[in-house]
Amino acid sequence: MSDVETLFRQYHAQLVRYLTRRLGDRDWAEEVAQETFVRALRQTSLTNERAWIFAVATNLVRDQARKEIRQRRHLELLAAEARAEAGDAPPDELVRSEERLLARRALEALTEKDREALLMKEEGLDYHEIAEALELSVASVGTTLSRARRRLVEAYEGLRREEGGGRRTG
Amino acid sequence: MKHMDEGTIHAWLDGALSDAEAAEAGAHAASCAECAAKVAEARGLVAGASRILMSLDDVPAVAPNRAPAAAPQRPQRFWQASPWVTGIAAALLLAVGVKEWRDRPSAQSAVASAQQTPLDSALNVAPAAAVPVDSGLRDRPVSPPSVKPLNAPPAPDVNRRVADTRSAAGAGGAGSGSAVRADEARPPARFEKRQESAVAAEAAAAPVSSVAQAEPKTAIAEGLKPSAALMPPAPSPLRSVAVRDRSDERPLAGCYRLGGSASQRLSLESAGKAIAAAREPSGPARKLAQPSAAPAPALEAPSIVRLDTMMTAQGRAITSPSTGEAIGTWRAADGDSVRLMIVVTGAKTISIDNRVACPSREGRP
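One line per chain: the protein sequences are A and B, in this order.
First residue of the first sequence? That's 56 in the working numbering, and the numbers climb one at a time after it.
First residue of the second sequence? That's 648 in the working numbering, and the numbers climb one at a time after it.
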């Protein structure tokens, strides 16, 4: 297999972004990414490298993520509110913050596998890689993604309507 | 042919169908209004989901004011110490993205490909474009001394969690530690066809606790030692190039109009250079090779760009206001200007007077 240096160059940025979206915390994402590549150091041969990397990273966060993500989302909300009250955030920033929080909540409306499949697809993994990483059949990846996308969009729109929906700045 | 189900439609849009299946799908969609409508809806969902997920990328620290005093506890994150590695990673991502676009299955039916492939190609390129090449255009000094070192450890619970996954011996850490170890054994067994027996033997032979105890130490040692190997020799002493705070740039975020149309035209030469540089397997990404003879995809810089606050390793992201795709990076420049580096198109400095209202997203899924 390619050495870890090559793997790192090819996949590190993607992995960090995948994990950041998954976890909602960039530092935490980089921790897990580091852990993943450390494990890659111990593998002597891999048949499907990207799928392996994403599978390991996904497993690393699965159990911890559920509880921690809720806690962190709460903290992020508090931080955003504090910033808003302090008045030091420009209006653009507030909108971005709000969009991000809505997106995060919408993402959590998905089941874990749907969420992971969609995030992996966004990082460019193909159906075979996603199937391997998540132990799905290739034939079911399309259905999984269609369901995930629909739920995400519907949840997001629903949340936006709840929030008073009138703010549509670009 | 029976109507298309949603899974097939999405697989088609994602380019995951075989040539024959895709041709069949295209033919059916062309002749069946109901399915064509479903396809249109699915496209909207694909783009909408992508855009929603992109808004997750700008994640400020949950605890923005970290105590730098605690810095020594934290191992240096070696990959962040070199702008080189991220630059090369970005270059490779771009090369992969462009290659995917150019190698997109052209055997799909003519009806479908005209409308469909640009979309999935764009979606395929997007992840790559989100980390664009900053080939040789970095002319600003790196890491002003006033920047907060992001290597400082975050809230203590992160360290605890990390320590948990790394040492199975710690009180209360045994559970998560061994659980992680067990998980770790699973994917390798699935992926390593030839080494299966070796992995199984290793996992089964030694008692879990001693294996788990021995492994983390070597893992840490291995993980930290190859730092020298992982970093190509940098021309200057290693500096902390962690993602910079640069909060002073945030007020500059917004939409800007680029100058006259002629200057936006992509020159094949600069596109070829950028792609050739991205394909360089070795050597600094900033060294632009001789112009490539290969025809480059004709991209146009849009006339209005959105300067996002989202931070990447090379700078904050530029996105297209209509599609939301990242198309480059920007940073504040001297005077009242910002420096844009748009993928494949090149670098451009514009004045903040070019700022305009962002196009409305009303009505878009």
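One or more hints might be untrue.
Unchecked claim - Result set (DMTMM-like, lysine to aspartate or glutamate): computed pairs, CA atoms no more than 20 Å apart in a straight line: (1) B:K685 <-> A:E209; (2) B:K685 <-> B:D704; (3) B:K685 <-> B:D652; (4) A:K168 <-> B:D666; (5) A:K168 <-> A:E148; (6) B:K995 <-> B:D981.
Unchecked claim - Over 12 Å on every C-beta distance to chain B, these chain A residues come out as not near it, computed from the model: (7) E140; (8) E167; (9) K168; (10) S195; (11) E209; (12) R216; (13) E217.
It is worth saying that the hints were derived from the structure and are not from the lab.
Backbone N, C-alpha and C define an ideal beta-carbon position, used for all residues, glycine too.
Comparing the hints with the structure gives:
1. Simply put, K685 of chain B and E209 of chain A have alpha-carbon atoms about 16 Å apart, close enough for the 20 Å limit, and the pair holds.
2. For the hint linking K685 of chain B to D704 of chain B, the alpha-carbon distance of about 30 Å lies beyond 20 Å, and the restraint is violated.
3. About 9 Å separates the Cα atoms of K685 of chain B and D652 of chain B, which keeps this hinted pair within 20 Å; it holds.
4. For the hint pairing K168 of chain A with D666 of chain B, the CA-to-CA distance comes to about 28 Å; that exceeds 20 Å, so the pair is violated.
5. Distance check on the hinted pair: K168 of chain A and E148 of chain A sit about 31 Å apart at the alpha-carbon level, beyond 20 Å; violated.
6. Between K995 of chain B and D981 of chain B the CA atoms are separated by roughly 13 Å; this keeps the pair inside 20 Å, and the hint holds.
7. The claim that E140 of chain A lies off the interface holds: its Cβ sits roughly 15 Å from the closest Cβ of chain B, which is beyond the 12 Å cut-off.
8. Distance check for E167 of chain A against chain B: the nearest CB is about 14 Å away, which clears 12 Å, and the non-interface claim stands.
9. The Cβ of K168 of chain A lies farther than 12 Å from every Cβ of chain B, with a closest approach of about 14 Å, so its non-interface assignment holds.
10. At roughly 7 Å, the least C-beta separation between S195 of chain A and chain B is not larger than 12 Å, which violates its mark as non-interface.
11. A cut-off of 12 Å between C-beta atoms contradicts the statement that E209 of chain A is not in contact with chain B; the least separation is 9 Å.
12. With a minimum CB-CB distance of about 14 Å to chain B, R216 of chain A clears the 12 Å threshold, and the non-interface call stands.
13. Listed as outside the interface, E217 of chain A is consistent with that label: its C-beta sits roughly 16 Å from the nearest C-beta of chain B, beyond the 12 Å cut-off.
Of the numbered hints stated above, those contradicted by the structure are hints 2, 4, 5, 10, 11, listed in ascending order.
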